Amino acid sequence: MKLGVKDIVCQEAVELMSDYLDGSLSRRRRRRLERHLRACDACSAYLEQMRATIAATGQVGPEDLDPEALDGLVDLFRRFREGDRPGP
Amino acid sequence: MLSPVDDPGLLDGILRGDEKSFAELVTRYHPTLIRVAGYYVGDRATAEDVAQDTWVAVMRGVDRFEGRSSFKTWLLRICANRARTRGTGDRRMVPVDLAAEPSVPGSRFNDAGMWSEPPTPFTDLVDGRLDDQVVAAAVRRAIADLPEPHQTVVTLRDVEGLSTAEVARLLELTEANVRVIVHRGRARLRAELEVVMKGGRS
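Heads up: the sequence lines are chains A and B, in that order.
Just so you know, we're using the working numbering here: the first sequence kicks off at 4 and counts up by one.
Just so you know, we're using the working numbering here: the second sequence kicks off at -18 and counts up by one.
Simulated from the structure, these hints should not be mistaken for laboratory data.
Heads up, a few of these hints could be off.
Stated by the list, open to error - If you want the footprint, here are the derived chain B segments under chain A, 3+ residues with CB under 8 Å:
no., region
1, 47 to 59
2, 129 to 135
3, 169 to 179
What the hints assert, rightly or not - Ranges between beta-carbon positions, derived for each pair:
no., chain 1, residue 1, chain 2, residue 2, range
4, A, G86, B, N62, 17 to 27 Å
5, B, K179, A, S47, 36 to 46 Å
6, B, F46, A, R38, 45 to 55 Å
7, B, D113, A, R31, 34 to 44 Å
8, B, G87, A, G26, 22 to 32 Å
Keep in mind that this is a model prediction, so the values were computed, not measured.
Every residue gets a Cβ at the ideal spot worked out from N, C-alpha and C, and that includes glycine.
Pulled out of the complex, with its shape left as it was, chain A reads as follows (with noise of 0.2 Å):
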């Protein structure tokens, strides 16, 4: 591919990918990302992994959480419940 001026290499692209996806580019760089995109199936590429990086991120679930923790917050709710009803 044959680059302009106001063309972005690869190197430069990925720093975009990101504000990209979420929509927080300014305009001009946003055009500028998808001039390349549309010419750079490397780029391409990275992008796509970048969205399954963000999709796989965001079906992790919660972290592990102690099972005595657990049991003692239960404890405390059932406490609360039996101590401190509102009334009718």
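Start from chain A and add chain B according to the hints.
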């Protein structure tokens, strides 16, 4: 598999005094509360204490929750506010390290800045071989390897799905800094997944 009950359904359960609903919410959010509290207070024991206080506040105030924000946002704001109060004096005022770190090592580009070792779409690499648990384990490991506050920022933004603005508000960072940190974190996670997808680690 039963579909998980959403937060409002669980809140109704709490109002009825249902322990299972309460336990489900605790399982979903307690680790994140400890994380947010830990961001302000520094030590683990105090962070757990703040997280527990947050649930007490929820028990006391759940009937006043008006649903103008999501339950998650409401809960995390309570936690952050309490942690800020508790953390006075010992909040780790570690400056956020925003030094330039390339998303991809320079060795993968040629002198003109074009890929010399280009990436392959994950879909082509895995071909259905990797199960979700392997991917989830890799993501967790990569998050755990991040420094702070990157771990907390990435967890809130991409695991919990909060907006950039909400993360900035909870952690008292600028939105620009949140974006930089998220960008950095995602780049590290992508690199880790790339290794796993190529079969290098599992």
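Cross-check of the supplied hints:
1. Restraint check on the region 47 to 59 of chain B versus chain A: 0 residues with Cβ-Cβ distances below 8 Å, three needed, restraint violated.
2. For a cut-off of 8 Å, the count of residues in the region 129 to 135 of chain B with a CB near a CB of chain A stands at 1, and the three-residue condition is violated.
3. Look at the region 169 to 179 of chain B against chain A: 4 of its residues bring a Cβ nearer than 8 Å to a Cβ of that chain, three or more, so the hint holds.
4. The hinted window of 17 to 27 Å between G86(A) and N62(B) holds, with their beta carbons roughly 25 Å apart.
5. Between K179(B) and S47(A) the CB atoms are about 19 Å apart, so this pair departs from the stated range of 36 to 46 Å.
6. Separation of F46(B) from R38(A) is about 47 Å and conforms to the stated range, judged on CB atoms against 45 to 55 Å.
7. Between D113(B) and R31(A) the CB atoms are about 38 Å apart, so this pair conforms to the stated range of 34 to 44 Å.
8. Hint check: G87(B) to G26(A), Cβ distance near 28 Å, so the stated range 22 to 32 Å holds.
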